[in-house]
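Engineer: Let the hints inform the model, and build the full structure from the sequences given.
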Amino acid sequence: MDLHKLYLSEQLEGIKSGKFSSTELTTHYLERISKFDEDLNSFITVTEDQAIAKAKKSDERYKNNTNLPLDGLPIAHKDIFCTKDVLTTCGSKMLSNFEAPYSSTVFEKLDNEGMVMLGKTNMDEFAMGSSNETSYFGPVKNPWNTEYVPGGSSGGSASCVSAELAPVATATDTGGSIRQPASLCGLTGIKPTYGRVSRYGMIAFASSLDQGGVVARSAADAALILEAMCGHDPKDSTSLNLERPDLTTNLNNPIKGMKIGLPKEFFEKEMPSYVEKSIEDAISIYKDLGAEIVEVSLPNINLSLPIYYIIAPAECSANLSRYDGVRYGYRCEDPKDIEDLYMRTREEGFGNEVKRRILIGTYALSAGYYDAYYLKAQKCRQLVANDFKEVFKNIDVLLSPTTPGTSFKAGEKTNDPIAMYLQDIFTIPANLAGLPGLSIPCGENAGLPLGLQLVGNSLEEDKLLQFAHSYQLNTDWHSKMPDIS
Amino acid sequence: MKNYADNWEAVIGLEIHVQLSTKSKLFSGASTNFGALPNTQACNIDLAMPGVLPVLNEEVLRMAIKLGKALNADINSPTSFARKNYFYPDSPKGYQISQMDKPIVESGYLDIDTENGVKRIGVTRAHLEEDAGKSLHDDFDGQSGIDLNRAGTPLLEIVSEPEINTPQEAVAYLKSIHSIIRYLEISDGNMAEGSMRCDANVSVRKKGDTKLGTRTETKNVNSFRFVEKAIQYEIDRQINELESGNQITQETRLYDSQANTTRPMRSKEFANDYRYFPEPDLLPINLEKEFIEEVMATMPEMPTQKKIRFVSEFNLSEYDADLLAADKDLANFFEAVVKVSNSPKLSANWIMGELSAELNNENLSINESKINSNQLGQLILRIEDGTISGKIAKEIFEKLWSSDKEVDEIIQGEGLEQVTDDKEIESMIDEVINNNPEQLEQYRSGKDRLFGFFVGQVMKASQGKANPKQVNDILRKKLEK
Numbered sequence: 000m001d002l003h004k005l006y007l008s009e010q011l012e013g014i015k016s017g018k019f020s021s022t023e024l025t026t027h028y029l030e031r032i033s034k035f036d037e038d039l040n041s042f043i044t045v046t047e048d049q050a051i052a053k054a055k056k057s058d059e060r061y062k063n064n065t066n067l068p069l070d071g072l073p074i075a076h077k078d079i080f081c082t083k084d085v086l087t088t089c090g091s092k093m094l095s096n097f098e099a100p101y102s103s104t105v106f107e108k109l110d111n112e113g114m115v116m117l118g119k120t121n122m123d124e125f126a127m128g129s130s131n132e133t134s135y136f137g138p139v140k141n142p143w144n145t146e147y148v149p150g151g152s153s154g155g156s157a158s159c160v161s162a163e164l165a166p167v168a169t170a171t172d173t174g175g176s177i178r179q180p181a182s183l184c185g186l187t188g189i190k191p192t193y194g195r196v197s198r199y200g201m202i203a204f205a206s207s208l209d210q211g212g213v214v215a216r217s218a219a220d221a222a223l224i225l226e227a228m229c230g231h232d233p234k235d236s237t238s239l240n241l242e243r244p245d246l247t248t249n250l251n252n253p254i255k256g257m258k259i260g261l262p263k264e265f266f267e268k269e270m271p272s273y274v275e276k277s278i279e280d281a282i283s284i285y286k287d288l289g290a291e292i293v294e295v296s297l298p299n300i301n302l303s304l305p306i307y308y309i310i311a312p313a314e315c316s317a318n319l320s321r322y323d324g325v326r327y328g329y330r331c332e333d334p335k336d337i338e339d340l341y342m343r344t345r346e347e348g349f350g351n352e353v354k355r356r357i358l359i360g361t362y363a364l365s366a367g368y369y370d371a372y373y374l375k376a377q378k379c380r381q382l383v384a385n386d387f388k389e390v391f392k393n394i395d396v397l398l399s400p401t402t403p404g405t406s407f408k409a410g411e412k413t414n415d416p417i418a419m420y421l422q423d424i425f426t427i428p429a430n431l432a433g434l435p436g437l438s439i440p441c442g443e444n445a446g447l448p449l450g451l452q453l454v455g456n457s458l459e460e461d462k463l464l465q466f467a468h469s470y471q472l473n474t475d476w477h478s479k480m481p482d483i484s
Numbered sequence: 000m001k002n003y004a005d006n007w008e009a010v011i012g013l014e015i016h017v018q019l020s021t022k023s024k025l026f027s028g029a030s031t032n033f034g035a036l037p038n039t040q041a042c043n044i045d046l047a048m049p050g051v052l053p054v055l056n057e058e059v060l061r062m063a064i065k066l067g068k069a070l071n072a073d074i075n076s077p078t079s080f081a082r083k084n085y086f087y088p089d090s091p092k093g094y095q096i097s098q099m100d101k102p103i104v105e106s107g108y109l110d111i112d113t114e115n116g117v118k119r120i121g122v123t124r125a126h127l128e129e130d131a132g133k134s135l136h137d138d139f140d141g142q143s144g145i146d147l148n149r150a151g152t153p154l155l156e157i158v159s160e161p162e163i164n165t166p167q168e169a170v171a172y173l174k175s176i177h178s179i180i181r182y183l184e185i186s187d188g189n190m191a192e193g194s195m196r197c198d199a200n201v202s203v204r205k206k207g208d209t210k211l212g213t214r215t216e217t218k219n220v221n222s223f224r225f226v227e228k229a230i231q232y233e234i235d236r237q238i239n240e241l242e243s244g245n246q247i248t249q250e251t252r253l254y255d256s257q258a259n260t261t262r263p264m265r266s267k268e269f270a271n272d273y274r275y276f277p278e279p280d281l282l283p284i285n286l287e288k289e290f291i292e293e294v295m296a297t298m299p300e301m302p303t304q305k306k307i308r309f310v311s312e313f314n315l316s317e318y319d320a321d322l323l324a325a326d327k328d329l330a331n332f333f334e335a336v337v338k339v340s341n342s343p344k345l346s347a348n349w350i351m352g353e354l355s356a357e358l359n360n361e362n363l364s365i366n367e368s369k370i371n372s373n374q375l376g377q378l379i380l381r382i383e384d385g386t387i388s389g390k391i392a393k394e395i396f397e398k399l400w401s402s403d404k405e406v407d408e409i410i411q412g413e414g415l416e417q418v419t420d421d422k423e424i425e426s427m428i429d430e431v432i433n434n435n436p437e438q439l440e441q442y443r444s445g446k447d448r449l450f451g452f453f454v455g456q457v458m459k460a461s462q463g464k465a466n467p468k469q470v471n472d473i474l475r476k477k478l479e480k
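As they're listed, the protein sequences go chains F and G.
Read in order, the letters of the first sequence correspond to residues 0 to 484 in numbering that gives the first Met the number 0.
Read in order, the letters of the second sequence correspond to residues 0 to 480 in numbering that gives the first Met the number 0.
I should point out that these hints are in silico values taken from the structure, not numbers from a laboratory.
Treat the hints with care, since some could be wrong.
Keeping only pairs whose Cα atoms sit at most 30 Å apart, straight-line, the calculated BS3-like set for lysine-lysine is [unchecked claim]:
no., chain 1, residue 1, chain 2, residue 2
1, G, K133, G, K174
2, F, K335, G, K22
3, G, K22, F, K234
4, F, K234, G, K101
5, G, K218, G, K133
6, G, K133, F, K83
7, F, K286, F, K388
All of these numbers come straight from a predicted model, not from anything done at the bench.
Structural biologist: Structure below.
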């Protein structure tokens, strides 16, 4: 049986009914990883022994009728989530030797549901990148075509789920790092409302933008896992003081009569005809399902990219100051004095993209520049958030492409940071406003998948997933998987 | 140097760091106890592990609100935190979480007593921030060690307006802050252990000038006396420099208490740019009116109020009331003594006299007194009700100090009750008169001052136990005969 072809609910049912055990399922994925991942490089660490031990415990629980809600389902975790006593590198040389002394809340929550960690997935260094080429552990390949990038920063998570080396993976999104790789790998990826998923133990890039989420093969799979990740965490002061939302019960409700807004500023941009065509097709499917389509305007949305490239680097410049070679992680050899220790540790331990952003952020916060850059960016961020608030008075979700096009070749944009940054032009606004956003597969070009983005109002992940699920019940883009054998 | 001083005036502002006496740290659950083994009180958050996040200890909000109210200040709501960026090994995150735009306490004042009467000193702000760890340079063979036990301990930094003009005023202000934080029980204020630290910004200008001179910041001043001396040194130094035609460099200086000098800290050529920005891991905090009122309801009586009450309720002099009210523990001790003795004036005299002398002698605080308030109250009660004389009381005081006996136990055990029986006193007097015929004759022929001699002899004969008033009255009658 091709266990990896089953969706999560089917796998769960299979284990429950005794058709196969968690150990069999886990072993199946571990075998696929050892067979295919050498080429894809989607994992930094494969926790084979722990996974099998966990799966065995899970099987025991089923035997004793003490099984947990998601018991025995395998999952891969982005290497940004701290996992106790397991290497947690954040894709950086700086943490290449770092075994976390504690586990992130996200890991704990899923662990408490009985999920089995297969390993830690590759990512752009400190989540900075859109192609997964900035990882210290080497680039990740796109399973649809290994000459192409999987997107980033959650490139490893997207690549491994797309190649069916894991049924689902956690990911994080600061400016599009879940939705963009989901789009480029043909997956469903969702970033919830800021504050829904605890950031405790999720290594910080830009604190006011970072949010955990999942990449999965369907909206239903994503809903199942995201639901388990959500909920208030007293260890994260920005965590929303709300109960875990119900994302699964209403998944099958019809979207008839609901309103989809098309942001005219996005559609005014020049886009490849295959993108236009795919989006048009998707819109007509939604029309057929009874949704009303309206054009809306977000007048300040074009400020998003510059705002993001002030705020995110500013926050990262402080967040990454702790990597100084003093207490953990990489330390340069034979430092002469403390200055030398700082300078060489950071010079040698960080890659170029990380350094670029630390420099931009440090500059933007400097005396004399703060008001012109950081303060102004914060004010503009508020304008963008207000635009969203205004449009959501009249519509249910916003629809747009997730990315300007399908994936690009490895190396194509590595020397052109601005071109790379433009990858996130459609995804960044949702982070600035703290809104939930998801990407679902909606087409292809030259054998590479393309995604459609839906952005919802604050806390309306359920509605977003309902829209995504309705679409997937009526199309089969999400069920197409790359042939990697 | 001193001759010049008349033409100059000093402008002083103080920054006082007060370590708040919370059980756990400002943003983590680790203990704040002083003196534990290095790095045993530093959790993942204090160590700035990847992925950790700060969670505010709400107790500090209550403490800061209390201080704000005691300083007649505004409480900002919302109040928010900011990151202050700098690299130093004892600052594990590479930034300190502090407050910038919206400090919790703003625009207050404090009235201090000076030679020229009461002076009002403005308090610009008081903000919350985390303490750093400690770098240890001595024990590691040329390498440095870091102890992060102190990292993350909550501090309130209280910043005064530059409205202080003399070292004495600075000390009065500092003592007043010390008294307030002790009253509020928000800090032990122990300067030697560093739970209260003072940095002094000092500049001088010609009298009459309105423009401020270039200031220096003097750090590391860890006692009231050193604050006075360090500021005085710095004022004299600056006047001397300027009188010699030199300029003052804006710099941070360290006070060396052994040499009684200040010297520049190893300073970088460039000014530090701390790149403050709002702390994204902590949302701005709204302090609801109800919360502030609830905190205010727990405010104790403050020194100034207490002083006024001592004067009106106990009829104490301003001076006595001031001394007793300045220290909360002393004031509490006093009130406990009065409760037993029912004699405020005598209680105040004994506390500030005999008791203070003994405490000073053995370098003890009032809480370490070897005589408790009940014992002292009993002792004074026995003077008041005539059981013992004041002279005997002093003997009993010594015995109380050095034993664990109670007042009445000593009085009865050693037969120290005052003799108040007229007959008994009369017979003692008769004996004294009979034994001193010469003096009697001299007295009767006009040598009045011999009266004292006879009193002395009678008291001696009674071993000090005779009631002095009765002795006087009866003796006078007998001698007149």
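Engineer: It remains to establish, for every hint, whether it holds in the given structure.
Structural biologist: Status of the hints after comparison with the structure:
Between K133/G and K174/G, the direct Cα distance comes to roughly 27 Å. Compliance with the 30 Å bound is thereby established for this hinted pair. For the proposed pair K335/F and K22/G, the alpha carbon gap of about 39 Å is over 30 Å, so the pair is violated. A hinted pair counts as satisfied when its Cα atoms are at most 30 Å apart, and K22/G with K234/F qualifies at roughly 18 Å. Only pairs whose Cα atoms come within 30 Å are accepted, and K234/F paired with K101/G is accepted, the gap being roughly 24 Å.
Taking the CA atoms of K218/G and K133/G, the gap is about 16 Å. The hint holds against a cut of 30 Å. Restraint check for K133/G and K83/F: the C-alpha separation of about 28 Å stays at or below 30 Å, so the hint holds. For the suggested pair K286/F and K388/F, the alpha carbons sit about 24 Å apart, so the restraint of at most 30 Å is met.
Of the numbered hints listed earlier, the single one contradicted by the structure is hint 2.
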